[in-house]
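As you go down the protein sequences, you meet chains A and V in turn.
Going by the numbering used here, the first sequence opens with residue 13, and the numbers climb by one from there.
Going by the numbering used here, the second sequence opens with residue 1039, and the numbers climb by one from there.
Hints are supplied without guarantee of correctness; some may be wrong.
What follows is a set of in silico ranges between Cβ atoms, one per label pair, in the way DEER data are often shown [what the hints assert, rightly or not]:
#, chain 1, residue 1, chain 2, residue 2, range
1, A, Arg73, V, Ala1351, 21 to 29 Å
2, A, Glu51, V, Lys1411, 27 to 35 Å
3, V, Ala1351, A, Ser149, 30 to 38 Å
4, V, Gly1290, A, Ser70, 53 to 61 Å
5, A, Ser70, V, Ala1351, 20 to 28 Å
6, V, Lys1077, A, His328, 43 to 51 Å
7, A, Glu51, V, Lys1077, 54 to 62 Å
Think of the hints as simulated: they come from the structure by calculation, not from any bench.
By construction, the Cβ of each residue, glycine as well, lies at the ideal position given by its N, Cα and C atoms.
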Amino acid sequence: MDSIDAAAAAELDPAMDDITLTVFKSWDELFGMDAHEVEAFQLKAVKQRLEKLAPLVSALRNQMEETGVTGIKTLDDVVPLVFPHTTYKSYPVSLIERSRFDQLTRWLSGVTSIDLSGVDASKCQGIDDWLGVLEQSTPLLPFHTSGTTGKLSFYPRTVVEANLWGYHFIKLLQGFGDEPGTKLGFDGVRLPAISAAPKTGRYATQRLNVFLAKYVSQTPEQTYTMSGENLSADLQALSGRVRMAQAKGELSSLTLTEGMRAALKRYIEDQKNGPQQVGKFFESILGELRGKRVFVCGLSTIYLEAARYGANRGLHDVFDSTSLMTTGGGGKDTGLPPDWLEQIVAFTGIKTTHLLYGMTETTGMMKMCKEGYYHIPPVFIVYLLDPQTGALLPRTGTQTGRFACMDLLPSTYWGGIISGDKVTVEWDRECPCGRKGAHIHRDITRYSEAITGDDKITCAATIDNTDASLQQLLGL
Amino acid sequence: MDIFKVPLIIRGEIIEDYALEFGNRTGSGSGFVTPDVSKYIRKLVNNDPASLLDLYSISLEDIYSYLEELGNRLNFEKNAGLREAFEVSCHFSNLSRPVLENIYRHCFRGFTREKLRQMVETQFGSKYLEGWVPTRLDNGSMASVRAMGARGVHVIAGNIPIVAGLTYMRSAITRSDTIVKLPSNDPLTAAAIAREAIKMAPNHPITKHFSVAYWKGGDERVESQIYLPANIEKICAWGGYASIKHIGKYIGPGIDLITLDPKSSTTLIGKEAFQDDETMRDVAMRVATDIGGWDQEACSNARVVFLESGTDAAGVAKANRFGQAVFDALQALPKEVSGSAVNFDNRLLSEIQGILPLKDYYKVYADRQKIGKSGAVIVSQLGEQVDFVQLLSGRVGNIVPVDDIRASLRYFTAATQTVGIYPDSLRLELRDLAAVMGGQRFLPVGYAVAGGHPMPQDGIEPERRMLKWVSDYHCDIAKDPGAWVPGKVAA
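In isolation and in its complexed conformation, chain A is listed as follows (with noise of 0.2 Å):
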């Protein structure tokens, strides 16, 4: 019963941790503890990783401190010290008009133990330059977000966690009792794969394209990705700054270069473009991959867009059947229509799609079994916060909370992150798929980041024409 993917944990890194190890167990071990199992497993591991990282990760010092936490003895104490998502982006945005990159080296090594002293980062041009050299001279390769602000947050994940996010994602399409799963990549089955995005970047999935062209496809370019351009983080960061710059009165000293104005320009025509483009890259991949089996991974909003295309010209059942497809689950109120899970299907052919919930911030997803919930392994400890008072919620009977992890994968940065999800957890639901466990309804939503309903006027002034401004900086 117990088995370990001992090739692929000796190949991502030999000399990994108890914790980081148990990601490489079967599932059927892992979603086979019983609850106090799980409780001992996590409270030894959080444990450890506190004792390792405080001396080493001044933010976690810092809300120590903060909040008077010297210890942990129960999985309840960690919660006061779970970092707001802000903390990953927590640096004056000004470090970056003002290209102080040596500056936001300083800032991010206080949320991250790999030591960052001999980084010279003084003549960096921009964000991606500044990335660029953190992979040049550290460990690191960092995953950036943006959120709803248009702020970017960085994540000081190292190569060795980044690909353990990748695996931690594939390791969803392996089996789990009675049903059947294929063990993909590595030293299992390798197969083309697709993801259609942009190819390189470093959100979470261009560095899961690297990872997929390494490990999963049989070679590099057997993995396809939607074009050739970099998804630059200095593009994805100027509608955040912008929107920063207009709410402080610093919109006229906001300056472009010519290189990014240029880039922009196609960036933003690249948008407009958007679904031809979905259209066109899978017309020149089922040139080769028509028929074959194949890995297929990314945004439903994408796969719906070129199911629609190839309903259009009649193009159906275009791969084989015993492919393998994850997509994210689809919720409420993601403007999916009722049918768009058929409406992929019916395009792709592949009978069976997974359907997962994740994000950046935690190491992987989770998959959504055949009775509509999310089950969350032992790896990740789930807490619920009240949304307004952030108080926890019992972690008993049904819940529904805005979603915090303790991700106990990363060892380098502390993997505690409140999310802005509104979730809801069953804990003592025994799930018919057989999955011990907490699990997570399939229906999840964003607390609104709005303080404004419709119909509430106060004066949070926001004058936000972030488009606009953003024409005008480009001459437009």
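The hints should help you fit chain V onto chain A, whose structure is shown.
Same frame as chain A, but now just chain V:
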């Protein structure tokens, strides 16, 4: 969930057919029921301008009398209906209870003849309201102008209940027919005023030209029928970007849009604040009042405070001492003046928590475990505003040390309204430039939420905008021959 009743009031008629339920978005667990406005649209809209004629059977003095009596009746001690409205408002407002009660006790004190007269005479003048004001033109003709009331919808703000009373007053004085679209954070104050008016004078023209309704902002079924030039001439919208954008689609010929959008006010403190410790504490107390008054729920509240302390180490140290003094003064404000917000913005809380470790960049003065209760004063160590200025609320201020206070004028935006300035000499020196840069309301630090001044708001005279300015010409053919007169070439 506690459910309260918000009536639909149409020109003196109270409709209590409570068909629809709406929840409270701030999550306090309360909601309200209200009639379905779409069922009463025919009654609510007024496509007959002639219906306003009855307002011209009364004089401005009569209007002052009406408002004065109404103000007297809206006395918190004596009026059970008003106290009830207050109690219900506590479930919807983000204002702390003692502050909200204080507002209810004082907000109708502006309804005195003297104050009303001052408001009218210092702005457009009563003669325009009461008749045609003639001017002899250089060509001998006589041009007369009269200000007439209009049919309008006011989409009012709910952050401070004063807005409801102010809107009623403006509507009465301008002889307008007004529909107030209620905000969900103050669904009752306007209704309470209308109810009292109906008790006081059910058949009075002013009572018969005021309506109060709740519908969900953006509800096309309702709005597409109300916002037609045949039915209304003016929309006065207190809303923000999103709200104005969707009202915007109804704007066309025949409808005049008056925007009183949300503002972000600012504060400039000159180096004189540091001349001695006593002065520094006095200024800190004033700044705390500007930040904390009305729980920082108003447009006019201070948020970003530019402080001419200098940006070198000594300057930043001064700024930090000032920040601590402001925070301490904030805690000491009387509870009727300032209290903690009912719901503190979670996004702001995350941002503040995010910067707590960044001691080289920000010093945060707060009760770290209870920021929502204590508020916070953030002193930027690098002389730059925090990245989340648009979220500052719940009594959170950002002090920004600068070398030259005059340079801070460049940070004014289209949203800058109130500018508190210390000292007075600096205010007088800067006010021309500050006005050019976009500031709209200058006053000494400490007076940001003093309220109730009969002066322009947000750079406009809302009453003047609510009125229609109509001209009439008397032409004397002897002095000003018309184009049809043979042999004369029209000028």
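Hints that the structure is at odds with (numbers, increasing): Result: no hint breaks.
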